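Student: In case you want the letters, here they are:
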Amino acid sequence: MLLSHSAAVARGVADLAGQMAPSATVVPVGGTADGRLGTDADALEGAVGQALAAGEEVALLVDLGSAVLTARTVLADLDDDAPVALVDAPFLEGAVAAVVTASTGAGLAEVVAQAELARGLRKT
Amino acid sequence: MGRVNLDAPTALAWLRAFAGLVDERAGELTDLDRPIGDSDHGVNLQRGMHAVVAAFDQETPETAGAVLTRAGSTLVSTVGGASGPLFGTLLRRAGKALDGGDLASALRAGLDGVVKLGGAQVGDATLVDALTPAVEALEAGRSLSEAAEAAARGAASTEPLVARKGRASYLGERGVGHRDPGAESVALLFTALAGAGA
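These protein sequences, in sequence, are chains A and B. Here our numbering is used: position 6 in the first sequence is 6, and no number is missing along the way. In short: position in the second sequence from 1, add 1000, done, that's our numbering.
What the hints contain is simulated information worked out from the structure, not anything from laboratory work. All of these numbers come straight from a predicted model, not from anything done at the bench. We put the CB at the ideal spot given by N, CA and C, even for glycine. Don't take every hint at face value.
Within a straight-line C-alpha distance of at most 20 Å, the following computed DMTMM-like cross-link-like pairs (lysine to aspartate or glutamate) qualify [stated by the list, open to error]: (1) B/Lys1096 / A/Asp88; (2) B/Lys1096 / A/Asp80; (3) B/Lys1116 / A/Glu93; (4) B/Lys1096 / B/Glu1059; (5) B/Lys1165 / B/Asp1031; (6) B/Lys1096 / B/Asp1031; (7) B/Lys1116 / A/Asp80; (8) B/Lys1165 / B/Glu1139; (9) B/Lys1096 / B/Asp1038; (10) B/Lys1096 / B/Glu1062; (11) B/Lys1165 / A/Asp63; (12) B/Lys1096 / A/Asp79; (13) B/Lys1116 / B/Glu1136; (14) B/Lys1116 / A/Asp77; (15) A/Lys123 / A/Asp88; (16) B/Lys1165 / B/Asp1038; (17) B/Lys1165 / B/Asp1112; (18) B/Lys1165 / A/Asp88; (19) A/Lys123 / A/Asp80; (20) B/Lys1116 / A/Asp88.
For each label pair, taking beta carbons as the anchor points, the in silico distance ranges come out as [said to hold, decoys possible]: (21) B/Leu1171 / A/Gly120: 24 to 30 Å; (22) A/Asp42 / B/Val1162: 49 to 55 Å; (23) A/Leu117 / B/Gly1020: 22 to 28 Å; (24) B/Val1122 / A/Gly35: 36 to 42 Å; (25) B/Glu1139 / A/Glu57: 32 to 38 Å; (26) A/Ala33 / B/Glu1062: 24 to 30 Å; (27) A/Pro83 / B/Gly1119: 22 to 28 Å; (28) A/Thr124 / B/Ser1039: 29 to 35 Å; (29) A/Gly120 / B/Asp1099: 46 to 52 Å; (30) B/Val1162 / A/Leu52: 28 to 34 Å.
Hey, can you work out the whole structure from these sequences and the hints?
Tutor: In structure tokens:
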């Protein structure tokens, strides 16, 4: 699941990551309900609830600032044993690593671990 | 003065007064956010507090705790920026801790929730710099006006600081000389509380 301040960013990153591994489910959650830049706690809560109801595990990638706070706030309201993890990784690179790992059938812990390795990817 | 307890009508008056102050000062809060943030603090908080007042107009919560909890949840879902989860957590946690307890300990629970959520400490140039001294004043048995003064001093204290949390932290030394808008809004929250006169 991808939480961004921007609907276009969430959608674009979901498209890119999803293309790498069509078998994983990628859910973009971006922008506010009234179409502004910002994060929508209700939309995130709804998307997480829907995924959990479908029996899925959720690795949650977020972009900046209030996305982190919104994610933590929504996660704090879930049951302690709900299989939802906030991933400490760069948004795009982490999303690609998470989706590719998930498509191999790996569980949540492995998906999170691989996504967090994306933090160390050097570009110079 | 001893422990302050809050009843539902006073809690409603408090948050309606806060919404009024945010309306009056939204432009100024956004101006504070312009050099160090994304220029939306005032307008975001204003949108959130309008939604809070609309929620109260539709259905009045019966206890002071429920008033704060409802306000907090409304802010979380309507603001869209960092002030939603931060002010929302403050009010929700305080609301949950309030019924059966006093205001100081409820606001301490709110402060603890904010610190846990955002990880800021006093001196990081955030709303925690205004909230902490205000809560401490109430815990020490001081009046609501004294708590409001403590919050205002705390907000002013953020001006010379280098921000270590939030958007302003990217600016480093360039953010020095700017008051944190979230801290200023906390000062307004306590001004409204003193005015509502619990």
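Student: Could you work out which earlier hints the structure fails to respect and list their numbers in ascending sequence?
Tutor: Hints 1, 3, 6, 8, 9, 19, 22, 23, 25, 30 contradicted; others consistent.
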